[in-house]
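**Student:** Protein chains in written order, with this note's numbering: chain A, 1 to 156; chain B, 1 to 141.
Please note that a few of the clues may not be correct.
As the list claims (entries may be wrong) - Pair ranges (Cβ atoms, derived): (1) A:Y2 x B:P134: 48 to 58 Å; (2) A:V142 x B:G4: 24 to 34 Å; (3) A:P94 x B:K2: 37 to 47 Å; (4) A:Q78 x B:G4: 17 to 27 Å; (5) A:G152 x B:L59: 43 to 53 Å; (6) A:V14 x B:L129: 39 to 49 Å.
Read the hints as simulated data drawn from the structure, not as lab findings. All C-beta atoms, glycine included, are put in the ideal place defined by N, C-alpha and C.
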Amino acid sequence: MYIRIIEYMNVWIVTMHPWLLSALGGILIGLSAVLLMGSLGRIAGISGIASGLVTGAGDRGWRIAFVVGLVAAPWLLQWLRGDSGIGAPPMSWPWMAGAGLLVGFGTRLGGGCTSGHGVCGMARLSPRSLLATLVFMLMGVVTVFVVRHLLGVVGP
Amino acid sequence: MKIGMALLAGFLFGAGLSLGGMTQPAVVLGFLDLAGAWNPRLLFVMAGAVATTALGYRLVWRARRPWFEDSFKLPAARRIDRRLLLGAALFGIGWGLAGYCPGPALASLGAGLAPVALLVAMMVLGWWLAARLPARNNDAK
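The following block holds chain B by itself, in its conformation from the complex (with noise of 0.2 Å):
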């Protein structure tokens, strides 16, 4: 049931963002281009995304717990540090460069375009790679 579940949103997922048309990085790109012809598409899609989600959140959370869990998993973290901001700032400009956040580009794996593929590859690299910093650099104060 629970991978039921995990499947059947991993699918409205990957169909709102294939029918938003974030899986287009011409979009992405266009909507990020503010000197060019800007493209409001991504608006859209992150207004209906978080309205949805705002209402939808407080609606499940009546429930004391989740159907087929023991707890919801809120994140934990509060503090605003160098980590959060290093970590968006690096994650914009790779967005930028090609148009591509992690849900569209591994949505787009099943186009079977090679370039694609490379910049899944390397992401999935890019989030080993940062697991295994020293938690002394993670947390710095």
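Next comes chain A alone, as it looks inside the complex (with noise of 0.2 Å):
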């Protein structure tokens, strides 16, 4: 019975349109957000609640289990249903390490990431995170642009 609803959702999942998976995606993300806000009053922002851990936050339980959570889902998706969505890396170490380095970096500086600025402050309204989320994506199209169209490196 148990094994038949997972197949049952599996199949429902293969055959759904990609962008509606997508926003179906979102809704769970956005679910997320709403839960820590209702339960601990937390924003939901992976780089605010990720990073508490090395800097010295002292609340670091809540964090912890955010953090298992997430590493955790993908982990499980593949027991369930086969598949853990996890992609390949498209770049080399060099552009892995990199590119980690200004995330990290990037995040902590600007207080914020695609979660913290681009879902929980844009559904804010915050002013702050409208400026954020339009800067990283821009950088982000740029970025995108130089790499693959100017300097022609598309993957490892």
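Both chains are sitting in their own frames, so use the hints and assemble them into the complex.
**Tutor:** Take a look at the structure:
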């Protein structure tokens, strides 16, 4: 019975249009943000939650639990439906290292990432978050244009 | 109870990223590649997430306080400063280089891919470095 429900849901997922599935994924992310606000009164900003673990925020327990849930989810999906949804890294290791450093430094300096500014901040209509989201989207577009179309680098 | 709520929220977030295609850097880079074969999936994820959050926040804010804490902890910063703009710009460049923002980077750790582990390690180093910046650089007027 239980197995049948999982199978049925998986068929439903794999036959869904990717855009619709993405909107559904977005709704799950939204529910996560609402749950964290309703229960703990916190913004669901991944960079803020996780960076607090290395920069000495006092309240480690809920931060660790959130990150554990985040890492466990694709792993559990792999187990349930045979697809974690995790794609292959698109670039060779020097690019990955540089990208990681910029993402970490930038999100901490700017006080948020795609979730904190992009989802929660925009939902709160925060002017800071709206501007930050515009800036990182724009810089992402410019960077991809330079890397792919000017430098001609695609993949490792 | 607090731990359980945070665990469930993290799980919902990770499942949303995975189903939404956001743990596939090719999909994310496809969204940012306006001059290539543009992939709009990230737009649908953002729309679903922002709409749900905007609606849900207004519902939970009707209560005076969250279920398990004394108060809602909303960001106090209001000023648009150099720190915000420079940080967002650097983040955008890093995002465009490999297609990972912090959520998908962490959620992808479970697959045991060495390049992702390297990216996450460097991201953690970046957080640590940025937190060590002297305050006068942080809040330049």
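**Student:** Quick check: which numbered hints come out false for this structure?
**Tutor:** 2
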